[in-house]
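> Position chain B relative to chain A; hints supplied.
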Amino acid sequence: LGDRQLLGEVEQLVLLAILRVGEGAYAVPIREEIARHGGVDLSRGTIYVTLDRLERKGYIRSWQSDPTPEPGGKARRCFAIERDGMAALRAAQRMVDGLRRGTPLAPKGSQKP
Amino acid sequence: VTARWLHRLVRLTVPASWRDPVTRDIEEEHGTGAAAAMHIVRVGVRLRVARTVSAASVRSLRSASRQGARFLMGDITRDLLIAVRGAFRRPAYSIPVIATLAIGIGATTAIFSMFNWVLFRPLPGADRPDELVTIRFQPEARNASYWFSYRDFADLRDRVPAFADAAASTARRLDASLGGDPERLDGEIVTTSYFDLFGVRPVAGRDFTPAEEQSGPHAASAIISRRFWRRAFNGDPQAIGRQVSLDGRPFTIVGVAPASFQGRSLITVTDVWIPIGAMPLLQPQIAKDLFTSRRASSFGDAFARLRPGITIEQAQAEANAAAASVPDFAGRSPASVTRSRLGPVLGAGIGVDVFAGPRLLNVFRLLMGAVGLLLLLACANAANLLLARVTGRRREIAVAHAIGASRFRIVRQQIAEGLTLSVAAGVAGLALAFGLTSLFDGMRLTVALPAVSGVGLDWRVIAFAFAASMVTGVIFAAGPALVGSRVDLQSALKDGLTTTRGGRRVLRASLVTVQVTVSVILVVVAGLFVRTLQNIRAIDIGMQPDGLVSFSVDPRRYGYTDERARVYFRDVLDRLRATPGITHAAFSWTTPFSMNRSDTAFLPEGGQEIVAQTTTVTRGFFDTMAIPLIAGRDFTDAEIRDANDTLSAVVISERLAAQLFPSGGGVGATVALAYPKGKRARIVGIAGDVRGRRMTIAPDPYAYFPDPAPNWGTVQVRSQMPAPATIAAIRDVARAVDPVVLPGDLERFDAAIDRALAEQRLFARLSALFAVIAAVLAGIGIYGMMSGAVAERRREFGIRLALGASARSVMSLVLRHALLLAGIGMIVGIAGAAALRQLIEARLYGVRPLEPAIVVLAVGALLIVSLLACLVPGLRATRVDPVRSLRVD
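Same order as they appear, the protein sequences are chains A and B. Quick note: the first sequence uses our numbering, first residue 1, plus one each step. Quick note: the second sequence uses our numbering, first residue 114, plus one each step.
Hints may contain errors.
Ranges between beta-carbon positions, derived for each pair [claimed, not checked]: (1) A/A75 with B/V158: 19 to 29 Å; (2) B/A515 with A/R56: 28 to 38 Å; (3) B/I195 with A/L99: 27 to 37 Å; (4) B/V158 with A/R56: 16 to 26 Å.
Under 10 Å between C-beta atoms, here's a sample of chain A residues computed to sit facing chain B [unchecked claim]: (5) T46; (6) I47; (7) R53; (8) T68; (9) C78.
FYI, nobody ran anything at the bench for these hints, they're computed from the structure. Note that beta-carbon positions come from the ideal geometry of N, C-alpha and C, so glycine has one too.
Here chain A stands alone, though its shape is the one from the complex (with noise of 0.2 Å):
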């Protein structure tokens, strides 16, 4: 792996968050999903700003939807992952693992207090 693939937390999260969210996740909800199952409250402009790297970077798509109904209404900027995504996704995940087995991180009976 080249460190060109390598995730950054952040957009873990938010590719996490999008997985969640599901069908027609935007934004908002991304942000919220973060906030209410990771506890951590990320600044708007982060949420943005990362959705925008990770479509770049061809992890997620992007589309434009519902726009309000008015003359030159605005859309909704809808995110799905792609495939390369889940395979950064995974790869992220794989690494955290192995590196974690054997540290007292690791799960099961080693973890109790």
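Then chain B, alone, in the frame of chain A:
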């Protein structure tokens, strides 16, 4: 309009692909206010920075920090920096461009700022002014407004749930005295919710209480402005509770309004407010049915505050429903046909004046159109200068091309240069506008409004100047940039000759043509407006205003009975007539130039009812006004005394005589009146026609009845003294008769005529100013173009002169070139002026929209300007030294 522009600018910070989604997401959460704008800008900047950083490769980020910083700044910043540096380096080029554009932007901004001041700015001192609406009382089909009766206002206030609050107010000048000489103040009579509605709290004392909305002596309280408080009481808190005499009646000062609040008008500054409950004290005879009758007592203008989140459309629908639910709303009854279709119409904001607003908006559009043309001309001029520079930089551009700069890149750099210059011009223009606004002091924008003063700049004006300079920058730079970037590499790099290629030459010529076109239009329009003003001034209004001074007075306001008022007028007139220098003095209830109007219907035997404007007068009126009596005579004392009998004497105007007696004659005849029933009038004289305030329309038929006992109205005084001496003499007489009663509207009769011409004067002055600026700019443009052309053709002229051409023939070559372009511009300009006729025709008087004399004048003026502008370049062409010009390369 500016808000929309700002919104657009805000959105532009977001990269295009994100613009709509980001705006929508944020607006769904934060609405469309300032907070949302901040969020949008923040996200937009982050996205742009992130993209710039990622566009810069990792390598560049690791390299020297300077280079990294440059990447962060982005290409556009770099373009701008280069442009600013360029502007500083070449002042000989940038200063004329900035100056030209600053004149255009400055003039446009000045006009905008004037109208911003009287039309668009929010009401000073009002809390959350965006929720305020003006309720106009308007007939369905016509663009007119009426005053609200108190009952109609109260019904709307109580029955429209969308209104959080509502208030009504009427402007009234009040004579205030603290024991000494009275002083006339601008006052308002208001409902007690008035200050609450505007969110204004008194800085001392208290607000009005709801009890003061009931009529009675307890309502004799007043809130004074901070300005008056400082002037009259030196800001002493003890002023609260003091008595002030208003129109001769005692009022208690209960509060002081904050300095920021000047009342409900953008122009008039109110100094004293009294509650509506006190109105019957001031005007017992007029206000007795104020609170009961819908039809008899129109009170004033109404304003409301919408509940948060309510749109003006919702409120309008509720107001319509409320009006429909009251059976006799607006005095609606089977008998009153004329007012049956009056309805409430809501308008956003608190304007300058319920009545004058729409008319003023019209004036605003026309003037902005004219000044916009001027700005266009300035753009053409600046574009020409820019084009000359682009030509000079052909080599530089060619080199940039050669080392791989795209055409887009070059165009962008030049537009950045244009924007830099136009923003500098915008700043200079704003300063110029600030200077120009002081010229507006004392100018009247339209008849019914007081003169403007103290026009100031606010963020709206600054935003306007900024938007104007951005648009200007793109307009003036785009053409030259596109043409200039098309470079033939080989020839540009190889030959050092500064020859101009076709595209550029055509653009340059058409820019000059545009300038001449716009100038011709502006000069023709200015000529038409100036001529109109002259024509109206020259109208014989049927009387002699020179030497005439008039004033109005209403002794009943000071508690006079009708009988005492009659004695008052007799005393005043007797004393005036006895004053040395005063030749005539007479009473008339109104004059054709006053706002007061009344009419009488005559019933000629076997004919149709004929309606005439009417006033009552005392003897000597016709001599005082210098209205000629064409037949018959003035009233006799006996006729004046008996005017209230069933048969009254009357003097009628020529036009009325022609209508009543088509076959001539009339003096001595008796005509029945439609009302009072059974009353008849015997015609004793026929007077010349007199025109009224709208001087351009034919004089109304007029009837003058004798007044045996005037109780309020105007007094006309003819004198051989200069007007100020006459005015002082009138003041002395009035003070001697009763110092409490103040003569109002004491001024030269001319002043009323001047006021009637306010709009015409405004148009004549401003259009003349625009025309002069336009002609000068066009002259500079032609000079610039011809200088460039002569410089380019040096070699050609050198060869011609070497081959024996005379200086004259070379000169004529230059002139022919310039005059051809100017000629095309003139023809297009005349066509343009013709196309504008519909816009201005209604404002013209005595001239046709394409008056030949004025068109000839405009063409002549521009011809002279063009010739003067060519003179120096032409002379330069004749003095080309053939040897040097050929050796140059």
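> Each of the hints needs a verdict: does it hold here or not?
Hint check results:
1. Hint check: A/A75 to B/V158, Cβ distance near 22 Å, so the stated range 19 to 29 Å holds.
2. Take B/A515 and A/R56: their Cβ atoms lie about 33 Å apart, and the range 28 to 38 Å holds.
3. As the Cβ distance of B/I195 to A/L99 is approximately 50 Å, the hint placing it in 27 to 37 Å is violated.
4. Taken as a hint, the range 16 to 26 Å holds for the pair B/V158 and A/R56, whose Cβ atoms sit roughly 18 Å apart.
5. Taken as an interface hint, A/T46 checks out: its beta carbon lies about 8 Å from the nearest beta carbon of chain B, inside 10 Å.
6. Satisfaction of the interface hint for A/I47 is found here, the shortest Cβ-Cβ separation to chain B being roughly 9 Å, below the 10 Å cut-off.
7. At about 7 Å, the closest approach between the beta carbon of A/R53 and any beta carbon in chain B falls short of 10 Å, and the interface hint on this residue holds.
8. Taken as an interface hint, A/T68 checks out: its beta carbon lies about 7 Å from the nearest beta carbon of chain B, inside 10 Å.
9. Because the beta carbon of A/C78 sits about 9 Å from the nearest beta carbon in chain B, less than 10 Å, this interface hint is met.
Hint 3 from the list above is the single one not met by this structure.
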